[in-house]
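Chains as they are written, first to last, in the working numbering: chain U, 1 to 579; chain R, 580 to 689.
Honestly, the hints are just simulated from the structure, not real lab data. Bear in mind the structure is a predicted one, so any value in this text is a computation, not a measurement. Don't take every hint at face value.
What the hints assert, rightly or not - Coverage of chain U stretches by chain R, computed from C-beta distances (three or more under 8 Å per stretch; other residues unrestricted): (1) 414-420; (2) 434-446; (3) 451-463.
Unchecked claim - In silico SDA-like links for lysine to any residue, alpha-carbon gap of 20 Å or less: (4) U:K122 / U:N180; (5) R:K662 / U:M249; (6) U:K285 / U:L237; (7) R:K674 / U:G106; (8) U:K34 / R:R648; (9) U:K34 / R:F667; (10) U:K34 / R:M664; (11) R:K662 / U:K59; (12) R:K662 / R:F689; (13) R:K662 / U:R141; (14) R:K662 / U:R16; (15) U:K34 / R:E628; (16) U:K137 / U:L237; (17) U:K59 / U:K34; (18) U:K34 / R:V663.
Built from N, CA and C at the ideal position, the CB exists for glycine as well.
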Amino acid sequence: MFLGELRVEAALGNLRTISTFIHSIGQRLQLTEKTLFDIDLAVEESAANIVQYAYPPDKAGEMLLRIETMDDVLHVTLTDWGIPLDPDDVKPFDIHAPVETRIKGGMGLHLIHSVVDDVVRKTAPSPGGPNSITLIKHIERLKPGVHRPSTLRELNAMLTVSQIMATDVGLDDLLELIVNELVEAIDAERGTLYLIDEEKGELFSRVLLEDTGALREIRLQVGEGIAGHVATTGEVLNVRHAYDDPRFMRVFDQLTGYRCRTILTAPMRNPQREIIGVVQLLNKKGGPFTERDERLLTAMATQAAISIENARLYAQEMQQRLINQELETARAIQKSFLPQTVPQHAGWDIGAFWRPMREVAGDFYDFYTLPDGRLAVVIADVSGKGVPAALFMALSVTVLRFAMSLNFAPSELMNHANQAIIANQQSRMFTTAFVGYLDLDSGVLQFASAGHNPPLLYRAATGQCEHLEASGVAVGVFKEAAYAEETVTLAEGDVLVLYTDGTTEMINAEEEEFGEERLEEFVVQQASRPAEELAALIAKATATFAQAQGAFDDETLVVVKRSRLTPAGCGDPATAQRM
Amino acid sequence: MNITERVENGIAVFVLEGRIDTEGAVDMDLALQATVSAGQHKMVLDMAEVRYIGSAGLRTLAGVLTRNREANGDLKLATLNPKVMRVFQIIGFDKFFSIYDTLEAAIADF
Numbered sequence: 001m002f003l004g005e006l007r008v009e010a011a012l013g014n015l016r017t018i019s020t021f022i023h024s025i026g027q028r029l030q031l032t033e034k035t036l037f038d039i040d041l042a043v044e045e046s047a048a049n050i051v052q053y054a055y056p057p058d059k060a061g062e063m064l065l066r067i068e069t070m071d072d073v074l075h076v077t078l079t080d081w082g083i084p085l086d087p088d089d090v091k092p093f094d095i096h097a098p099v100e101t102r103i104k105g106g107m108g109l110h111l112i113h114s115v116v117d118d119v120v121r122k123t124a125p126s127p128g129g130p131n132s133i134t135l136i137k138h139i140e141r142l143k144p145g146v147h148r149p150s151t152l153r154e155l156n157a158m159l160t161v162s163q164i165m166a167t168d169v170g171l172d173d174l175l176e177l178i179v180n181e182l183v184e185a186i187d188a189e190r191g192t193l194y195l196i197d198e199e200k201g202e203l204f205s206r207v208l209l210e211d212t213g214a215l216r217e218i219r220l221q222v223g224e225g226i227a228g229h230v231a232t233t234g235e236v237l238n239v240r241h242a243y244d245d246p247r248f249m250r251v252f253d254q255l256t257g258y259r260c261r262t263i264l265t266a267p268m269r270n271p272q273r274e275i276i277g278v279v280q281l282l283n284k285k286g287g288p289f290t291e292r293d294e295r296l297l298t299a300m301a302t303q304a305a306i307s308i309e310n311a312r313l314y315a316q317e318m319q320q321r322l323i324n325q326e327l328e329t330a331r332a333i334q335k336s337f338l339p340q341t342v343p344q345h346a347g348w349d350i351g352a353f354w355r356p357m358r359e360v361a362g363d364f365y366d367f368y369t370l371p372d373g374r375l376a377v378v379i380a381d382v383s384g385k386g387v388p389a390a391l392f393m394a395l396s397v398t399v400l401r402f403a404m405s406l407n408f409a410p411s412e413l414m415n416h417a418n419q420a421i422i423a424n425q426q427s428r429m430f431t432t433a434f435v436g437y438l439d440l441d442s443g444v445l446q447f448a449s450a451g452h453n454p455p456l457l458y459r460a461a462t463g464q465c466e467h468l469e470a471s472g473v474a475v476g477v478f479k480e481a482a483y484a485e486e487t488v489t490l491a492e493g494d495v496l497v498l499y500t501d502g503t504t505e506m507i508n509a510e511e512e513e514f515g516e517e518r519l520e521e522f523v524v525q526q527a528s529r530p531a532e533e534l535a536a537l538i539a540k541a542t543a544t545f546a547q548a549q550g551a552f553d554d555e556t557l558v559v560v561k562r563s564r565l566t567p568a569g570c571g572d573p574a575t576a577q578r579m
Numbered sequence: 580m581n582i583t584e585r586v587e588n589g590i591a592v593f594v595l596e597g598r599i600d601t602e603g604a605v606d607m608d609l610a611l612q613a614t615v616s617a618g619q620h621k622m623v624l625d626m627a628e629v630r631y632i633g634s635a636g637l638r639t640l641a642g643v644l645t646r647n648r649e650a651n652g653d654l655k656l657a658t659l660n661p662k663v664m665r666v667f668q669i670i671g672f673d674k675f676f677s678i679y680d681t682l683e684a685a686i687a688d689f
């Protein structure tokens, strides 16, 4: 039987929370004190091991505690996703060793094995997977009729609240359940749970018991009304005569037709002691709320806060995992669209660099050998980021390749792509692109640009850069867009650098852009580098520039160099140039 | 955990209350080490109200015991409840520590 689950950060401060959880389960199972002590001990030692060894100090991680019974056997499983314990590292504990050596290690494991019946350890097959230790113990229960001093109902309510997160219930279900438990445990007529909406500075209630007619959600300013007062001050408020209290808002009674007499309100604090909401019970049956009710509600509100936070974190994580999986798939698909290798041609040195800011990018580059033997070089930047941009990129690549296969000239190609993209997508995304057809014999480059950053052409003869400009707007914007076509010839030693705005718009801590001038300067300095290396160096330079800022855009570079003709017996071209 | 300290016949008597778990061991270590550092090496712990002890607590106690004995002192334990006593036995620490049924007996044995 599944009893409960607790997911917490693997931190020393959470060991007490785990112990409290174990105790509440123990109470519910009516365990003897000895059994409870042993389980408490084995769990703490196991959890402390995870806290101390599973995760590196600079990288926090989680642990999950799951409790089940099978007949009279209790299974407690602790799972982490960190570094697995190597059993060979644990020396058997020597009970006869002197005290000084005995304290060094293995004591915890020795205790665990001594107080439970069996220990099952599972290690993740690959790093980052789940490692678990299951503590198995035959349990002894108190004999019927032996009752603990605390009322079982209160503890049960508390336990339900703390374990509910284990199941797949959504936050709304959880809130409803918490309110039900509180109302029942304290014997009130109804209850309301308000959460704080930090963005709006409001309290809102998603749970109203029984039929509330038209009223589905209550919103209050933090500070307004009794609940708002408690959310601000953090004090427990026991109002004996609602209609005599100036903070009471009669409007809700008028709306619901319900009449409040007594109101008990307590703040809900998360483990960091921040107030995340307020619980309010209305109309205690058979008299006013007592001091005992105040204490009980305070305690349960804390439990509820932990559960709510856990449920939120859990939901967030699940969502994140789902997103990560999707992104991984998207990235794999996207990578398959990029050229798997750079073209190799005698007399030319070509290199490329591609780094998506997220798992997927809107940037891409492409090489394509045209039917007439020329090499098409493409760089493009899709508007937006992430998955939508990646999908749009896939569309753009397909359209461009299709047009190239039909031997369209660069300007025709842009026209065609523009029409096709406008016809094929409603999402109003667009692509800037530069397309050049390079004649590998003559070095003539015929090119067109759809609003793309003008590539740099380093001229070996002058040691300066030219900008390859051709008029035209991004494709996917105007149906009537027109694209000019230009021609330039790459001479020996010339270097063509294609880039996206991720390079020039990289921003440093002073909010300065890397800019075209810096890029140009860098290219002039480093022009003698091999193409692949130059592309990587530019990316490195921009990353270094932006370091303090930490924000990267997608960055893509393509470098095309026309090699120098090497005089016979004079070594590699780079050396020749430096000499 | 709750720790109070008093001096009786030149011996530091600590009354411990609560859980000597990983967190409690830190509190206890701070309190005991402060006294050790002040040059007091004769200590008795009244453990009647200690409900729990784990390996972190045992490690702390062993450390203080070793330092005290090196300085010709001791760390004597009194009134352990059976569950706590059992943890000492599992690790074999019942052989290292002098353990007494009453606080008076522990103090008188210096």
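TODO: Against the structure, test the hints numbered earlier, and report the numbers of the ones violated in rising order.
DONE: Numbers 1, 2, 3, 4, 5, 8, 11, 12, 16, 17 - these are the hints that the structure violates, sorted from lowest upward.
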